[in-house]
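Asks: Listed here are the chains, written in short residue letters.
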Amino acid sequence: MAKVLMKGNEAMALAAIKGGCDAFFGYPITPQNEVPEYLSYHMKENNRVFVQAESEVAAINMVYGAAGAGARVLTSSSSPGIALKQEGISYMAGSELPAVIINVMRGGPGLGGIQPSQGDYNQVTRGGGNGDYHVLSFGPETLQETVDLVRHAFDLADYYRNPVMIAVDGLIGQMMEPVDLDNKIASMDLPTKEWASNGKSGERGRLNKIVSLHLDPYDLEKHNLKLKKKYDEMVEKEQRYELINTDDADIVIVAYGTVARVARSTVKTLREEGIKVGILRPISLWPFPEKAFEKLPESVHSLLTVEMSLGQMHQDVRIVNEGKRNLAFYGRAGGVVPEADEIADEVRKLVKGANA
Amino acid sequence: MAKHEQVIVAGFGGQGVMLMGQMLAYAATNEGLNTVWIPSYGPETRGGTANCSVAISDSMINSPVVTKPDSVIAMNLPSLQKFEPKLSKDGLLIVNVAAIKDYDYRDDVRVITIDANKEALALGNLRVANMIMLGAYIQATGIFDKEAIVAVFKKSFTGDKARLVDINIKALETGMKIVD
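From first to last, the protein sequence lines are chains F and V.
All letters in the first sequence, in the order written, are residues 1 to 356 by our numbering.
All letters in the second sequence, in the order written, are residues 1 to 180 by our numbering.
Don't read these hints as lab results, they were simulated from the structure.
Quantities reported herein were computed from a predicted structural model and do not represent experimental measurements.
Where is the CB? At the ideal position from N, CA and C, for every residue including glycine.
Errors might be hidden in some of the hints.
[Said to hold, decoys possible] Sample of chain V residues at the chain F side, in silico, Cβ under 10 Å:
hint	residue
1	Y26
2	T29
3	L33
4	Y41
5	V54
6	M60
7	I61
8	N117
9	L121
10	N125
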């Protein structure tokens, strides 16, 4: 199909419909309002469910209910709204319920602002709910990558029976870019949802119950270990990343989302100056793409993490680095997007430092 | 011919600056080019300031954020004051001078001044001032021909708005002629 020019939020909404989303539950918040706005009429046209809930907490529990009934469910929000949904996300992970969550990140903490941010990295990758759980999460760079991941996320959620989050900054939600909504993406072979609580359907002859409560500690531990097995599988299979100009690099910028895109401009400028710089771009945020770091050549002496936060992903870079390479960090916060020239200045400092 | 263009369109909310940028992004998409349109978004209202940036390229667009535009289309004084300094050397500055008198423009850029409000009123609708500016822009840069933008008008203005196609084409032509 030819590419169509769409606003990020609308493209994500359409991608969800294409991904087989049966039901959407959400509550408005800037800068993601075009997601529910678009779905408010297009879900109905497609005979699917759209509910504007009375709050984020209600929305996420509706997601829990519909997912439990076996539907493919979506909710979307932005940072403070995602914060409100954390309890429900933990319950879904505990109850092994699939759902796709779109987070169009804005500045924080608290109500913060409405401009683009990556300040939810810790919330996205660590989770704000209780217990041993993880949310499979992605931080795409372009609108095309975003819509491809939204569509694929429904398969991944069903496969792992776990929430999957697409975390983009507000800029990706607000910008327009040509996208192909029928781009070829991997499809997964998925079993029918025998576990769904949808009455005595089929041959089953019994009612499925969906709970996250396990009062016997040995039972719960067994359940925790079962969940861990899934998370281990995600760590093994779902690490996604892109290495850009790293083959001969001395310095590598670690950045995701819009920042990675800005860093591409930085790399172009610096390469013309003869500075050998590349980019390690995480696409999966959890699991963090540790494998990418193993693929960096020996020539890389420094890593510069650049984020729209004050060093959240940088903590993961430190963990992976294990003291091997020189580390540096540059971040902008509050809704400010770093400029290519600012990043270039930070890279140049590392060149001088290495020569000193 | 390689195409790389970064433009910022700015003005008061209600002057149609977002639409001008979108017209360019749609035209780029129709021609199979890469493009990114970014609106300023915030607590903005009619009468407040609004701007959008459009990047157009036949290769991958790296930074979607335009910090050093090749062109600036300024619909009012605050926009001119805000974005003229960001314009690249030898860049293109198109200004709606309807409410601007005696401005000291940079001398290292190409400046085109148009009283777009007056021209639009002559066409019978003040609201097409934006498309007059757009016409001037495509003529001055040569980035798209008239038909590319007209095709977008026809696709964008449908139903009740279809009647607006003609006057917008006239506005576009007016702008193109001023620069020619």
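Asks: Determine for every hint whether it applies to the structure shown.
Replies: The hints, checked one at a time:
The interface hint given for V:Y26 holds, since its Cβ lies 5 Å from the closest Cβ of chain F, which is under the 10 Å cut-off. Hint on V:T29 holds. Least Cβ distance to chain F is approximately 4 Å, under the 10 Å limit. Taking 10 Å as the C-beta cut-off, the interface hint given for V:L33 holds, the closest approach to chain F being about 8 Å. At its closest, the beta carbon of V:Y41 sits 5 Å from a beta carbon of chain F; the interface hint therefore holds under the 10 Å criterion.
Because the closest C-beta pair between V:V54 and chain F is about 9 Å apart, less than 10 Å, the hint holds. For V:M60, the shortest C-beta to C-beta distance to chain F is roughly 8 Å, which falls under 10 Å, so the interface hint holds. The closest approach between the C-beta of V:I61 and any C-beta of chain F is roughly 8 Å, which is under the 10 Å cut-off, so the hint is satisfied. Contact between V:N117 and chain F, as hinted, is not supported at the beta carbon level, the nearest pair being about 28 Å apart and thus beyond 10 Å.
The criterion of a C-beta within 10 Å of any C-beta in chain F is not met by V:L121, whose closest approach is roughly 31 Å, and the hint is violated. At its closest, the beta carbon of V:N125 sits 26 Å from a beta carbon of chain F; the interface hint therefore is violated under the 10 Å criterion.
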